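Line by line, the protein sequences are chains Y and R.
For the first sequence, the working numbering gives the first residue as 5, with consecutive numbering after it.
For the second sequence, the working numbering gives the first residue as 911, with consecutive numbering after it.
Simulated from the structure, these hints should not be mistaken for laboratory data.
Since we're looking at a predicted model, the values are computed, not measured.
Heads up, some of the hints might be wrong.
[What the hints assert, rightly or not] Pulled a few chain Y residues facing chain R out of the computed Cβ check, cut under 7 angstroms:
| id | residue |
| --- | --- |
| 1 | ALA123 |
| 2 | TYR131 |
| 3 | SER134 |
| 4 | LEU163 |
| 5 | ALA166 |
| 6 | ILE168 |
[Stated by the list, open to error] Pairwise CB distance ranges (calculated):
| id | chain 1 | residue 1 | chain 2 | residue 2 | range |
| --- | --- | --- | --- | --- | --- |
| 7 | R | GLU1029 | Y | SER39 | 43 to 53 angstroms |
| 8 | R | ILE987 | Y | ALA166 | 39 to 49 angstroms |
| 9 | R | ILE1075 | Y | PHE67 | 18 to 28 angstroms |
| 10 | R | ILE927 | Y | LYS102 | 37 to 47 angstroms |
Ideal placement from N, C-alpha and C gives every residue a C-beta, glycine not left out.
Listed here are the chains, written in short residue letters.
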Amino acid sequence: MISNPLLIFIAAFIVNNILLMRYIGLCPFFGVSTSLSTAFGMSTAVLFVMLLSTWVTWIIFHFVLIPLDLVFLRTAAFILVIATLVQFVEMFLKKNFKTLYTAMGIYLPLITTNCAILAVTFLVIDYKYSLFQSTIFAIGTALGFGLVIILFSAIRERLEFAPISRSFKGYPIAFIAASLVALAFLGFVGLFGLTL
Amino acid sequence: MKQKVNHLKYLTEGIIIENPILILMIGLCPTLATSITARDALGMGIAASFVLICSNIVVSAIRKFVVDSIRIPIFIIVISTFVTIVDYVMQAYTPALYRVLGVFVPLIVVNCIILGRAEAFAYKHNIFDSFLDGLGKSIGFTLIIVIMGIIREYLSRGSIFNFVIGPKFLISNPMLFMIFPPGGFLLIGIFKAIINKFILKKEVID
């Protein structure tokens, strides 16, 4: 198990990239990567919510579920906490931080069902990370998500005007482009001895 | 007679015309991540199918008592109950499979197919129809994930369900590309293109 914070960050950011290497969070990946501005809004919202929800669920797991011997409620507890948290954050931002709220816009409520958020909260429990390591892991994962989704939105803006045969238009060519991007990311495997 | 045809439609729709993966493009994460070998794919398909069918039945059974404004949290609790059951049963009886599937077992709870069917179908229909709808969608999901698993396992190891059948050159020079993430993306892209060519012809041309 990796314990060096820098390695945790690089593993989460590039080597085990959540979208391309772990295949988590693909629905928003193909949904919002159609233009640069939507990709940017989505990745800001993911960074924000991922960090908050990792903290909250880590604290709940270690200080509520374990002492009370309720570990089997993990799945139900986490998803309800995240759903409530997102609603609460949305109301708070709308009232106090208008600019941040408009930047994240409609993506905030959509994030509740984003499997990337829930996956990170499960993974930090499975890897037995401390709160500090979990924070690094969440930041790395969210930045990796943002990097790929922004890079990919540029590719998809190009694909809009490319001459593609009819049956490959839309999703099929997006998947094949994703395959090539993933192939490029496969080149990072082995960096600092980090594996898939 | 007309009524009977109508019921069967719910079952058959999910397999091809409304196939959750290929047509509706939801539930992609488990499809790509767990279709590395045919056996893992079948395990994932059965686990997700169990949750989908059970949650459809329960949501349909309680639909008369559920208050409309808090229905989504209730659906999530129903789904996560079944996910927890699957999680613990797999941990106890198929530990090897559970280790391979890893975080994707608890992640069934956010699989869009399941919440989507609870909201769009089971909440409005009776128990039997919901069961048929869940069964149909489950067959559609499991079918595609197992086909992908078979293709990826055959090309990367020359075997299907761990039975070695491939020609010699495939076993000595396997396409390792297919077990890595790029292979999964490529395969589903090709699947989708084939579907566009034969089934969705009219919509694509528009």
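Hints, verified against the model:
Hint status for ALA123/Y relative to chain R: holds, with the closest Cβ pair at about 6 angstroms, below 7 angstroms. With its C-beta approaching chain R no nearer than about 10 angstroms, TYR131/Y sits outside the 7 angstroms limit, and its interface hint is violated. Against a cut-off of 7 angstroms between C-beta atoms, the interface hint on SER134/Y is violated, since the closest Cβ of chain R lies about 19 angstroms away. Because the beta carbon of LEU163/Y sits about 12 angstroms from the nearest beta carbon in chain R, more than 7 angstroms, this interface hint is broken.
Because the beta carbon of ALA166/Y sits about 15 angstroms from the nearest beta carbon in chain R, more than 7 angstroms, this interface hint is broken. Hint status for ILE168/Y: violated, given a least beta-carbon distance of 10 angstroms to chain R, over 7 angstroms. With their beta carbons about 28 angstroms apart, GLU1029/R and SER39/Y fall outside the hinted range of 43 to 53 angstroms. Between ILE987/R and ALA166/Y, the C-beta spacing of about 46 angstroms keeps the proposed range 39 to 49 angstroms intact.
The beta-carbon spacing between ILE1075/R and PHE67/Y, approximately 53 angstroms, falls outside the hinted interval of 18 to 28 angstroms. Distance hint check: the CB atoms of ILE927/R and LYS102/Y are about 45 angstroms apart, consistent with the given range 37 to 47 angstroms.
In the structure shown, a violation is registered for the earlier hints numbered 2, 3, 4, 5, 6, 7 and 9, in ascending order.
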